[in-house]
Amino acid sequence: MDGPPQVAPALRDRILREAILGWRAAGALGPDQAERLLATLAPSPAPRRAADNERKLGRGVTILVNLGAIILAAGLLIFFGSNWIEFGRAAKIGSILALTLFFYVAGFELTREGRFSFPKLGLALVFLGCVMFGTDIVLLALIYDLTAEHAWSFLVQWIAWLAVAYVVRSRLVLFLGLIGITTWFGAEVGYCWGGYWLYLGRPFHFIGLGVTLIAVGGVHAWRGRREFAAAWALVGLLLVYLSTLILSIFDLQKSFRLEMSTAPSLVWLLFSVPYVLAIVMLAVIHFKWQRVSLAEPPAMLALLLLVALTIVSVVAITPHSRELWFILLLTLLTSAGIYLGIAWESPVFLNTSLVFFAVNLYTRFYEYFWDAMPKSLFFVVGGAALILGGVWVERMRRRVVRQFGTATA
Amino acid sequence: MRGLMYLIVAAQFAVLATIIGPQELNRALDSGPTVDVEITHARAGRDTFRGAYVHGQSALDLDARAVALPAGLKAGERVLVAFAVEPNRRPRITGVERGRRGGPFTATSFTVPGRVLDARGGTRYVRSEGGLIARVGTPAVSIVLSLPASIAVDDSAIGRFAGPSLIRASLHAGYLGRPYFTDVRLTGRGWPSDVRFVWDDQRERLLVFAPRETMTYVASGRTASPSDLFVFDAAGKEVGTREIEGHVLEATMDGEGQVLALMTSQRWNHSEVSLVRLDEDGRAVERSPPIALDRVLGFDVASRGVFILAGPVSFPRKPPHFVQRLTLTGLREPKLGPFESVPRTVVSAGSDVWVVENERHRITRWDASGQQTREYRDLNGPLDIAADAGGLYVIEASRTQLTRLTEDGRVAWRVPRFQGLTWAVAEPGGGGGIVAASTFEGAEAGLLRVGPDGAITHVPATARPQPRTDWQRRVGASVIRAARDGRLLFLENEAIAILSADGSTVTRVVGFRLPTEQRLRS
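Protein chains in written order, with numbering that gives the first Met the number 0: chain A, 0 to 408; chain B, 0 to 521.
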């Protein structure tokens with residue numbers, strides 16, 4: 000303990016900075032000398048703190064503005080709900096159109112691209128405009144006794160919503176658009192088979208849609224638009240995981256299978272081509288990208304696709320109950336999602352996959368142990384496992400985050 | 000960026016304009032008269048997207064086999080279907096011509112655009128797309144009419160629907176030829192599929208029991224599912240309505256002119272019922288202990304009770320089986336039996352009782368003392384019977400055959416080649432009877448008269464009795480004959496039909512009309 004007393008670096012810099020400024024004021028140091036000495040110190044924390052403060056303030060404003068938008072929307076909803084019967088047809092149509100136009104114009108003019116710079120409020124109003132557009136179609140159908148024979152209204156809505164989302168760069172509107180796509184797809188699938196607008200009896204279709212949305216998210220990530228990529232990936236992952244979870248409980252689409260004796264050669268070709276592509280992909284990675292090991296994301300992705308395709312093939316030719324295969328598929332997909340989430344440092348992949356991994360485990364726990372165990376024991380074991388599992392996952396997550404930090408340093 | 004944003008907004012408004020524009024033009028420039036159209040069996044629904052609405056079956060007469068069609072009609076072709084409006088009858092089709100836009104409505108006629116679904120007619124599957132379908136010409140061509148399949152109503156109107164209802168709405172031609180409804184009113188209650196009715200010969204009244212199809216009684220803490228008793232006079236005019244606590248599953252009139260009913264407190268769970276005597280206001284004045292419904296085999300008007308399968312309940316039921324009377328005061332002797340199989344139904348007339356054993360292909364007749372007086376064999380799965388002084392009419396062979404048994408148990412005649420024989424009723428004086436069937440010898444049947452020698456002829460009036468399947472066992476009668484004037488009362492799919500004694504006319508009671516119409520849309 001013979002060395003100089005330990006002083007916090009920030010405190011030391013502040014003392015030195017005040018001393019240099021004092022010496023300059025007293026004329027002991029020239030302006031240039033003072034500037035050079037100040038330059039040797041760490042930059043003043045004031046701007047960083049100010050930025051932090053501004054960000055915190057901005058977050059507060061965002062919450063306030065969004066809250067205000069929700070309350071405003073609720074107020075309008077209640078007003079129209081309470082007085083809708085009193086309105087004549089012209090008043091009804093006029094009011095909904097005027098409201099839509101107001102939300103769009105006022106909202107856009109308040110965004111960064113508009114005349115006034117209240118971007119948070121602007122985006123919230125644009126979002127309300129988008130909701131109003133969908134509501135307009137519904138209300139007009141109601142006013143004119145129109146019966147939808149096709150899902151065209153959903154199609155028009157999500158196209159409009161996505162266009163607005165990209166123009167004003169709003170993730171909130173993007174989520175609305177993605178919900179619109181899912182709804183429209185459900186309506187298309189349902190109407191085709193006489194079902195209703197969101198037909199949950201066809202999870203295979205939604206797996207296809209989910210994969211497509213994830214792929215679009217991948218394109219966004221590749222183009223450097225990670226914020227939008229996360230939204231696409233999240234909705235895609237939810238669709239894939241939810242559909243697989245449903246299939247792991249009920250084998251709903253039993254007709255989705257391959258009759259080996261009657262399958263045409265085209266089907267066999269379609270079955271075999273992905274395997275060839277996956278093998279070629281692995282070979283290219285192994286021989287051309289020598290520095291990429293088989294444990295890294297590109298190779299793991301190819302391996303995952305290979306295994307997933309194998310399971311899909313087995314599912315297609317299994318003549319009896321296939322729930323076990325879907326359990327295996329869900330486990331594989333969520334595990335791969337966790338791995339990719341860590342590898343790509345993607346919270347969307349990591350968190351969504353972790354949640355569904357746990358949901359998968361608990362579904363199996365319920366299926367196999369609900370009848371076999373006393374209910375008290377069932378809940379004790381379930382609760383304890385949840386707590387221990389949560390602690391373990393949190394420890395893992397912290398270790399991973401530390402590794403990220405080390406790697407960055 | 001501003002230009003792009005406003006372009007997108009403009010595109011959205013253009014979409015909305017394509018919805019509003021034609022509809023507004025269609026209505027704004029339409030100045031023609033309207034036609035009031037009744038919709039029977041209307042039910043209310045609520046859709047997340049469309050809000051509250053009603054849908055049902057139009058009271059338009061869409062069966063026009065006698066109407067000529069333009070030559071060479073093809074599937075998908077647009078046509079105009081002309082209707083005639085006449086007093087005291089449903090609007091009927093008078094003609095079909097090619098075209099898209101009809102002329103304005105008049106006081107006696109209107110047109111509705113339509114599209115040919117299947118030009119070849121016949122039995123080919125027709126996709127309805129939810130619209131009304133007219134069957135025109137011979138062979139029949141299916142034409143889907145461009146009328147709204149449902150009509151929006153105010154959300155608050157949903158609560159006024161206590162089951163299938165009667166609706167009236169004004170139909171407009173529309174300037175662009177798109178018909179639309181306005182001024183929707185609730186005019187009355189229709190009949191649910193499990194409606195029951197009795198005929199009160201003493202007071203000449205029709206009593207209809209209609210369970211309410213609403214779950215509000217659960218929320219209101221009521222213990223029993225409510226029903227409504229609707230009272231009509233002899234001419235089918237509304238007299239009054241009462242509320243009944245409970246669900247009437249079957250009913251008949253006893254010898255003293257009071258209603259004897261099998262009732263349960265639940266709307267959908269009918270496993271246990273009670274025999275109940277109702278007073279004129281629909282109040283239960285006497286009630287038996289609960290009994291399993293599947294043990295009840297038929298009413299016994301003379302003893303003011305029901306025939307039940309006697310003995311303790313065991314599954315599977317093992318022979319020997321016995322039949323006993325259950326009255327409001329308890330079980331009554333004698334026991335009828337033993338029977339080798341569980342009887343399907345028991346019918347009584349005066350002091351005589353007939354027990355139908357479907358599985359054993361036999362019918363037995365018993366007297367008041369419980370002695371078997373006759374056994375009828377040589378049958379093929381008898382399902383229902385109708386007795387008269389001269390013998391029995393038996394519906395058998397999966398409702399495809401009618402057999403006449405004489406008093407001494409011989410088969411007088413058999414008439415096969417029916418489909419969906421629903422009921423048979425003997426005519427007074429042993430002069431044959433009337434039967435209801437879906438088809439006879441491959442042709443649509445409805446009501447048919449059976450001569451004493453088994454000759455089948457069509458009844459002049461057209462009716463479509465409600466069909467029944469083998470598993471639909473009824474405790475009460477499917478058809479009632481009014482003692483005073485010989486009229487027959489039976490169920491059609493949406494109405495209680497009253498056939499005049501000479502079979503020439505049918506009066507339909509489609510529902511109970513309210514004294515004042517209630518607007519369903521503001």
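Because the hints were derived from the structure by calculation, they are not lab data.
Check each hint, because a few of them may be wrong.
Label pairs and their calculated CB-CB ranges [unchecked claim]:
#, chain 1, residue 1, chain 2, residue 2, range
1, A, Ser254, B, Ala10, 39 to 45 Å
2, A, Gly59, B, Asp154, 37 to 43 Å
3, B, Glu244, A, Gly87, 53 to 59 Å
4, B, Glu244, A, Phe79, 38 to 44 Å
5, A, Phe101, B, Met0, 53 to 59 Å
6, A, Leu257, B, Glu244, 39 to 45 Å
7, B, Asp35, A, Arg88, 53 to 59 Å
Computed from the model, here is a short list of chain B residues facing chain A with C-beta under 8 Å [said to hold, decoys possible]:
#, residue
8, Leu3
9, Ile19
10, Gly20
11, Ser145
12, Phe180
13, His457
Where chain B lies over chain A, by a calculated footprint (3+ residues, C-beta under 8 Å) [to be verified]:
#, region
14, 95-106
15, 133-139
16, 159-166
Just so it is clear, CB atoms sit at the ideal spot from N, CA and C, and this is done for glycine as well.
Hint check:
no.: 1; hint: Ser254/A - Ala10/B: 39 to 45 Å; verdict: 40 Å, holds
no.: 2; hint: Gly59/A - Asp154/B: 37 to 43 Å; verdict: 39 Å, holds
no.: 3; hint: Glu244/B - Gly87/A: 53 to 59 Å; verdict: 43 Å, violated
no.: 4; hint: Glu244/B - Phe79/A: 38 to 44 Å; verdict: 40 Å, holds
no.: 5; hint: Phe101/A - Met0/B: 53 to 59 Å; verdict: 20 Å, violated
no.: 6; hint: Leu257/A - Glu244/B: 39 to 45 Å; verdict: 59 Å, violated
no.: 7; hint: Asp35/B - Arg88/A: 53 to 59 Å; verdict: 21 Å, violated
no.: 8; hint: Leu3; verdict: 6 Å, holds
no.: 9; hint: Ile19; verdict: 6 Å, holds
no.: 10; hint: Gly20; verdict: 11 Å, violated
no.: 11; hint: Ser145; verdict: 11 Å, violated
no.: 12; hint: Phe180; verdict: 6 Å, holds
no.: 13; hint: His457; verdict: 38 Å, violated
no.: 14; hint: 95-106; verdict: holds (count 5)
no.: 15; hint: 133-139; verdict: holds (count 4)
no.: 16; hint: 159-166; verdict: holds (count 4)
Comparing the model with each numbered hint stated earlier shows that hints 3, 5, 6, 7, 10, 11, 13 do not hold.
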